[in-house]
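*Asks:* Now for the letters of each chain:
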Amino acid sequence: MGQILFVMWRETVEAMLVVGILHAWLAHDPSGRRGKKYLWLGVLAGLALALLLGLGIEAMGSILSDEGQEYFQAAMLLVAAALIVQMVFWMRMHGRRLKQDLEQSLSRSTRTQHWWGVFSLAAIAVAREGSETVVYLSSLAMGENGFASPRFWLASALGVVLAGTTFYLLQLGGKLFSWRIFFQLTEILLLLFGCALLMNGVEKLMDMQLLPVLKSQVWDSSMWLDDGSIFGGIVSSFTGYRSRPALMSLLVFSGYWLAITGMLKAPRFPGRQ
Amino acid sequence: MAVNPLERRGMLNKRWCLAFLGMSMAMSALAAGEDLPVFRLDCNNGVFTPKQLLVPAGKKFKIEIYNTGTEAIEFESRQLRKEKALSPQSNSFVVVFPLEPGEYKFFDDFHIQTGQGSIIAK
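Just so you know, the protein sequences line up as chains A and B, in that order.
Take 1 as the starting number for the first sequence in my numbering and just add one per residue.
Take 1 as the starting number for the second sequence in my numbering and just add one per residue.
Calculated directly from the structure, the hints in this document are not laboratory data.
One or more of the hints may lead you astray.
Claimed, not checked - Straight-line Cα separation of at most 20 Å, EDC-like style, residue types lysine to aspartate or glutamate; simulated pairs:
#, chain 1, residue 1, chain 2, residue 2
1, B, Lys122, B, Glu100
2, B, Lys82, A, Glu14
3, B, Lys51, A, Asp226
4, A, Lys215, B, Glu103
5, B, Lys122, A, Asp220
Because the structure is a prediction, the values reported are computed rather than measured.
Given these sequences and hints, build the entire structure.
*Replies:* Written out as structure tokens, the structure reads:
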């Protein structure tokens, strides 16, 4: 029970964090509502892709070479990281006057482009964790009693409940807190998560030897927070923390935050008043 | 005949895809051609056998992972930067590039309490 709860929680929360925050942002402004359609279409596309990836894992192996799959995953991770950062800064730039901008100056094409970004981000967020959920669920379904197995239904129900709760809390948060605080908090969450995705993507490239590792371990902080432990693992998948970072990972991590803080200070992205 | 810019972009994309495909095929051919030392790792509902793999340092090698249990597993190692979900009674492999001497931990992300193991590179 504890194990099912933990796996389903972790697999659903990451995706719902992204989807829930985007939804709350879009719902905040009446003119953002048009984007919701793209968000939900993205979620559907993500679910379809997750099913394909999850159920077809054996078939995928024969179609796409092992390297091909790695490239595909690395690309998904890097695109998602870039989209998250782009989304955060787009909101900073336009969000404050989104309605006005949409009615006046902002051209239709930038808007449509942005909505497609929303679509892709939702699709990737759902597909990434969803494919693992599908493997997990299908193994429970194939278990002793097949689809009659209580564990399968328990896990599925938990997944739906946890995803729904995360989503609901985020919508509630958007209403309970002042919009400014909510926006700032979720902005930080997304930037942290973007860093985690970037680290994963870059490490895939290092693993394929497309990027040099430089030095395999700069330090070992696993006695304080071990990224292989339960809690450390969660911290690591939401922030990109590594307890034994390679030099290249460390450079990417620092580079990311230098670039982000630089951009946050830039007058082009004033944030919200 | 003039090619409209949109079409040209499509062609460019296609060319990139082909180059990309060619490169990945060449790389997989390379990987298949090499004789890699292979280490077998069994995982039965979150219990790894062996719990420790001894591998030569500074050499590329392959780990074949067999899920012998009735539940799905996810072989994961942050230090080795690997992640692989496996359904019951299936197997797969990961190729690990040369390691410096030391201990590298891995775990089963679907059974994190029991599924812990490590690779010792010497």
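*Asks:* Is the Cα-Cα distance between Lys122(B) and Asp220(A) 20 Å or less?
*Replies:* Cα-Cα ~19 Å, so holds.
*Asks:* Would you check the hint for Lys82(B) and Glu14(A), treating anything up to 20 Å between C-alpha atoms as holding?
*Replies:* Distance ~19 Å between Lys82(B) and Glu14(A) Cα, so the pair holds.
*Asks:* Given the hinted pair Lys122(B) and Glu100(B), is their Cα-Cα distance within 20 Å?
*Replies:* holds (8 Å)
*Asks:* Lys51(B) and Asp226(A) were given as a pair; does the straight-line alpha-carbon distance stay at or below 20 Å?
*Replies:* holds (19 Å)
*Asks:* Is the straight-line distance between the alpha-carbon of Lys215(A) and that of Glu103(B) 20 Å or less?
*Replies:* Measuring from Cα to Cα gives roughly 15 Å; hence the hint holds.
Violated hints: none; the structure is consistent with every hint.
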